[in-house]
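Model the full assembly from the supplied sequences, consistent with the hints where possible.
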Amino acid sequence: MKALRSKIVILIIAATTFLYFTNDYGLVDIEKTAIIVAIGIDYEEEKEEYSVTAQIAVPESSENAVDNEQCSIEGKGKTVADAIDSVGVNTGWYPLLSFCHIVLLGNGAITGDVADTLSFIIRSDRIPDSALVVACEKKAKDVLNTKTPLDNVSSFALEKVLVKDIAKSDRIASSSVKDFIKNYYSLCETSQMPLLKIIEIDDGSSKEGEQSGGSGGGGEKKKKASIFDATSTLFFKKGEAKMTLDSEETQVYNLIYKNALDSYILIDDAEIDGEKTAAVLDINEITKDMRFDFSDEKSPKFILKMNVRLGFEDLKKTQPVKDLTPRQTIPDEILETTRKKIEKLIISAFKKGRENDCDILHLKEQLYKFNFDKFGAYGEDILKTVELIAEINCSSEISN
Amino acid sequence: MREYKISVRQICFSLVAFSLAIKMIMLTAVTASISGRMLWLSAIVNFAVDGLFILYILKISEKFDGLDFYEILEVNIGKVGAKIVFALYAIIFFVKAYIPILEQKTFIEITLYETSPTILTFMPFFIFSAYFCFKGMRAIGRCADIAVWLTVLAVLGLIALTLQNADFSELLPLADIPLTDVLSGGIKTSLWYFDSLYILFFIGHFKREKLTKTKILGAFAIEGLMIAVFTAATFAEFGVLTERQFFAPVKVGLFSVATLNIGRIDYIAAFVIATSNVFAIAVPLVFCTYCVNKVIGVDGKVLTPVIINAIMAALILFTEKYLYVFFGFISGYAVYAFAFFAYVVPLIMLFLKKGSIKR
Amino acid sequence: MELNANINISKLALKALIGESDDIIFFDFTCGEYDACAVYVDSITDRDMLGMEVISPLKKIEGKHTVKELSKSVTLANVELVSEIRTIADLVLGGHTAILFDGKKKALSVDLKKFETRSIAEPPTGFSIRGPRSGFTESIKTNLSLMRRYLKTDDFIVEMSEVGKMTKTGVALLYIKGIADENLVKGVRARLGKIKTDGVPDSSYIAKHINERRGSLFKQVGSTERPDVMLERLLEGRVGIIVDGSPFVLTLPYLLVEDFQSAEDYYISKYRANVVRTIRIIALLFSILLPSLFVSAQLFHIQLLPQNFLLTIINSIKGIPLSPSLEMFFILLIFEILNETSVRMPKYVGMALGVVGALVLGETLVHAGIVSTPAVLIMALSGISIYTVPEIVETTSILRLIFLFLAGSVGGYGIILISAFMLCYLTTSDNYGVPYLAPYAPLIANDMQDGFQMKSITDMKRRPVVFASRNKTRRGNENA
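From first to last, the protein sequence lines are chains A, B and C. Be aware that the first sequence starts at 83, since it is given in the working numbering, and climbs by one per residue. Be aware that the second sequence starts at 4, since it is given in the working numbering, and climbs by one per residue. Be aware that the third sequence starts at 7, since it is given in the working numbering, and climbs by one per residue.
Do not rely on the hints blindly, as some may be mistaken.
[What the hints assert, rightly or not] Below 25 Å or equal to it, Euclidean Cα-Cα: the simulated BS3-like pairs (lysine-lysine) are:
#1 A:K340 <-> A:K320
#2 B:K82 <-> B:K304
#3 A:K466 <-> A:K426
#4 C:K119 <-> C:K21
#5 C:K78 <-> C:K65
#6 C:K111 <-> C:K70
#7 A:K434 <-> A:K319
#8 B:K138 <-> A:K89
#9 A:K340 <-> A:K433
#10 B:K356 <-> B:K210
#11 B:K304 <-> A:K84
#12 A:K434 <-> A:K320
#13 A:K466 <-> A:K380
#14 A:K84 <-> C:K225
#15 A:K84 <-> C:K202
#16 A:K306 <-> A:K229
#17 A:K89 <-> B:K304
#18 B:K138 <-> A:K84
#19 C:K74 <-> C:K147
#20 A:K423 <-> A:K320
#21 A:K84 <-> C:K214
#22 B:K213 <-> C:K276
#23 C:K192 <-> C:K225
#24 B:K138 <-> C:K225
#25 A:K423 <-> A:K434
#26 A:K220 <-> A:K242
#27 C:K324 <-> A:K114
#28 C:K111 <-> C:K21
#29 C:K478 <-> B:K210
#30 C:K200 <-> A:K84
#31 A:K324 <-> A:K279
These aren't lab readings, by the way, just hints derived from the structure by calculation.
What follows is the structure, given as structure tokens:
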């Protein structure tokens, strides 16, 4: 029995060793794996096909470093998954999407129901649901091929813009795949993502132009650099792009839904000592309260209360030494101007949403969650019937 | 005198370590698809029913003065009758093990491996399982002593990672889901429960202490609370998308700041839960082996666990494509058999007489 | 066979039994009216003592006397009268000197054993900055004296026996009556009694014979070279086994946790001791898991690696011809060769070659593109970490191989399975009735006072419950 047992053990070891040294286990060599860090999805209406640009991370210290253009590989297909697979076919690399942090939707891909474009990402676990979705004014391919001074790899630069200080960001209404789809399927059916623009700026350096034969001395040529601006927000209703909030409206939208620490608000018509000047105020703390008021049954109200505690960050006016502190008391006039500005922005954003059937404040959901008994009566057209009352209270960090 | 295979403390730890781990993978998603935002209530209902029967079994077993379940049956319905009952329980445990094993296989395959074939990645589990079955109840208790701390830390860690992005208002309103949906969710997911079956087979193998019932029920309550909190937190994070989060341990921590900045640290918790699950999914097979050994009248032989695990391995290999079919069958029909053997059969102990066995 | 009154016949009979070795001396002399013969083994007898205390007094005797009267003139304490030739032969071979007298049927046997042994020095495997510097030696007598110096109580019991047909090696079973569990003592005694072997060159032979699970990879018998450690273990309720010829003393039952404790932990601050114990555990986990996790992450679970780290790895493995697991095995092989060479090589050559091997080989392999830098780093870290717990290096080096093999073939799930398997095996293993992983499995609250973390020694009032000692209290209430 013992001899039989040891023979069986030897057989198992031999079989395992044989398998170990002769089998590839379906593994893909890490060197043949394309680490895709971002994908850009464009849709060509005429050909009815998707074009996916995959940005592949190449280690920076490589001696054979390729430049940014060659880091991006394009694939085409009838669906997004088909296009991604064609990336693998074209390169011979296995496309690893686990590190894909950004999904760019080109201007062609955000027409119609964007969930159709995102369906691969929703169904599959290959791209993590924490990837950020961003809409582009231009083609996603152009965005990914943009050279930017922020980073050699454009998607890394984008990440810096979109993801910086996640908890604190008030300028970018960033949205992950999960958030977008969750809102898509919510009662409000309203979801959003940042709208990305490419802005060309002078990068500060200049170079001598080459002398042409016979003519005068060469002139200076200013170098242009591209940076990304994602401060606008595109809203969707049932996956269809409906409206855009500008950067100020986006900031206020974020103040409602995020904890804004280290936010700044520009008051360009601040009045101090009878003079108009510009002031940048630091938002130190916001407390919010949102509730419905059904006291008038025919005219439901949604009361949005915000207490905003502000501090001076900068003032375009010289002041006495004793007033040169961030904790300087803000004059009431400036507080009132700020209050009006925030209120105006909230109401304008809400109105825009109402006109485009975008429930940006998620009223329907709030009604369902917190006033379920009223949902039957008001739920259907709450967006159209509700009156938004924004009660904004601005106070200085140090009161008089 | 009987040698006790497990202690009260180890029973408590096995409930918190193994029974908890087995409920972490697909339970949340499946319950959410039926009960929606009241998934936590479905879980609590299942725990309440199970807990009630655990209390009943612990109470009724006091009457039998240290006899185990087989001996109780043997005294009352004879050896043949006891063997028939145990043969049926062996089948119950075998079927009960099927879905969690398949679930674990799919979890490992999809979350950890992208391109590797199943046979080499999961089949070695059955070698371990055969060994674990051979070691028996004692192994369950001893391993639980170590696994409990890791499992609890991992689950608490996952809950902590979830809380950063959880919006608990997603669980509101409380009144919109009909009670029938909640109960239906409970019934359809009950295949992950029936922990009272294990308690039934532990009786007679542990030494009663002061407050035995309180300790075991307390541990069970902790397990229930952790599952309720986890399911609620998952729903708070994912909302209506919860029903597609099939492998919750690797999904819930994805959005935390730590994961986004450092990397997939949530996989540490997922690995720990997978390790606890290795024991947890083998536990029903341990009891199946125990029952089969009682039926055929052997103890401590290697062949029984090897054969049982070989059969399960073959079943998994050839039926993995039909997961949903089998899941539908087990959650739709087999759970009633589980309920019968877990809840109804123990009730007959009310009518059985106390006796003694020559050991 | 009894001694013959005729001394020459007795001498012939003894020569036939003892053999023809040249170091067995038959020294003839006269004692009073009798012819006498001293029989001894030259290499293991204290000849000075023999001459001064035995032969010289006997030579001075006049007249006729009985053997008993003759024995009183020997100025040594350990004198026996023997009459069996076989017994005399065994005693002579054991280091005694036999004095035969013509016309007498009894002989004297005097213990004049003198073996060359090392002096007591600090043990090389149990170094500590604070604490005693003495270590056990190869002499059982010296070792017993070291223990007697500590335990001046009549409850300290030493049971001597011999093991080995040819070597008749002295084995001492030590325990403290009233503290050690009687069943444990009986069990160990029985095991020692059952050993049937030719010879015992070292205590590890005894350890292998008294192991409960013969084929186990894991150590089952504790060992130490330090008397203070032995003392502490005896006071906890363990038994000790001293084997003549070996400086390693055995202790039973063995708990895995004891190899993570060092003698110094009890002499320094408990905070420092706890930090160091934690480091040992982390280092051990590093040594076993780090290479396998690295290999499995590269092969199967790329998505687990942080992005920047992954890019660094990709950069460093460009052009490496071996797969990650083969690369790691290769480095491990180099490391084990270096390890073995540094131990076996002559001292003067060893250091230089060790430096050459480690630095030059490692550098060259990386520059030649045969292995990658992260792999070398991982294996170096693992290789160093393994020696934080030197007592179980044999086990951990094999475990590392097994984990690496499974990581390379099955991946992360293989690591999970083997960890579960090990946990199951260790938790269900008992050693003379004591669970291997006590006090963690089963959980024993009292015994956790000195597990992977320890309390202050003044707070360890009760003995470990796991050893089933009758005397449970170690320290009284000092404030009473």
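Hints versus structure:
For a cut-off of 25 Å, the pair hint linking K340 (chain A) to K320 (chain A) stands: about 23 Å separates their Cα positions. For the given pair, K82 (chain B) sits about 21 Å from K304 (chain B) by alpha-carbon distance, which is consistent with the 25 Å threshold. Between the alpha carbons of K466 (chain A) and K426 (chain A) the distance comes to roughly 19 Å, so the proposed pair stays at or under 25 Å and holds. Proposed proximity of K119 (chain C) and K21 (chain C) is supported: the alpha carbons are some 20 Å apart, at most 25 Å.
Of the pairs offered as hints, the one joining K78 (chain C) and K65 (chain C) holds, with about 13 Å between alpha carbons and a cut-off of 25 Å not exceeded. This hinted pair checks out: K111 (chain C) and K70 (chain C) have alpha carbons roughly 15 Å apart, not beyond 25 Å. For a cut-off of 25 Å, the pair hint linking K434 (chain A) to K319 (chain A) stands: about 13 Å separates their Cα positions. As the CA atoms of K138 (chain B) and K89 (chain A) are separated by approximately 23 Å, the hinted pair is consistent with the 25 Å bound.
Taking the CA atoms of K340 (chain A) and K433 (chain A), the gap is about 21 Å. The hint holds against a cut of 25 Å. As the CA atoms of K356 (chain B) and K210 (chain B) are separated by approximately 21 Å, the hinted pair is consistent with the 25 Å bound. For a cut-off of 25 Å, the pair hint linking K304 (chain B) to K84 (chain A) stands: about 15 Å separates their Cα positions. With a C-alpha separation of about 17 Å, the suggested pair K434 (chain A) and K320 (chain A) falls inside the 25 Å cut-off, and the hint holds.
Annotation: proposed proximity of K466 (chain A) to K380 (chain A) holds, straight-line Cα distance about 12 Å (limit 25 Å). Straight-line distance between C-alpha atoms of K84 (chain A) and K225 (chain C) comes to about 23 Å, which keeps the hinted pair within the 25 Å bound. A hinted pair counts as satisfied when its Cα atoms are at most 25 Å apart, and K84 (chain A) with K202 (chain C) qualifies at roughly 22 Å. Restraint check for K306 (chain A) and K229 (chain A): the C-alpha separation of about 10 Å stays at or below 25 Å, so the hint holds.
This hinted pair checks out: K89 (chain A) and K304 (chain B) have alpha carbons roughly 20 Å apart, not beyond 25 Å. Our distance criterion of 25 Å between C-alpha atoms is met by K138 (chain B) and K84 (chain A), whose separation comes to about 20 Å. In summary, the hint linking K74 (chain C) to K147 (chain C) is not supported, as the alpha carbons are separated by about 28 Å, beyond the 25 Å threshold. Distance restraint check for K423 (chain A) and K320 (chain A): the Cα-Cα separation of roughly 31 Å exceeds the 25 Å cut-off, and the hinted pair is therefore not satisfied.
Only pairs whose Cα atoms come within 25 Å are accepted, and K84 (chain A) paired with K214 (chain C) is accepted, the gap being roughly 20 Å. For the proposed pair K213 (chain B) and K276 (chain C), the alpha carbon gap of about 35 Å is over 25 Å, so the pair is violated. Distance hint between K192 (chain C) and K225 (chain C) is fulfilled; the C-alpha atoms sit about 21 Å from each other, no more than 25 Å. Distance restraint check for K138 (chain B) and K225 (chain C): the Cα-Cα separation of roughly 20 Å lies within the 25 Å cut-off, and the hinted pair is therefore satisfied.
At most 25 Å may separate the alpha-carbon atoms for a hinted pair to count; K423 (chain A) and K434 (chain A) meet this at roughly 16 Å. Our distance criterion of 25 Å between C-alpha atoms is met by K220 (chain A) and K242 (chain A), whose separation comes to about 20 Å. Our distance criterion of 25 Å between C-alpha atoms is met by K324 (chain C) and K114 (chain A), whose separation comes to about 10 Å. The hinted pair formed by K111 (chain C) and K21 (chain C) meets the criterion: a straight-line CA distance of about 17 Å does not exceed 25 Å.
For the given pair, K478 (chain C) sits about 23 Å from K210 (chain B) by alpha-carbon distance, which is consistent with the 25 Å threshold. At most 25 Å may separate the alpha-carbon atoms for a hinted pair to count; K200 (chain C) and K84 (chain A) meet this at roughly 22 Å. A hinted pair counts as satisfied when its Cα atoms are at most 25 Å apart, and K324 (chain A) with K279 (chain A) qualifies at roughly 18 Å.
The structure does not agree with the numbered hints 19, 20 and 22 stated previously, though it agrees with the rest.
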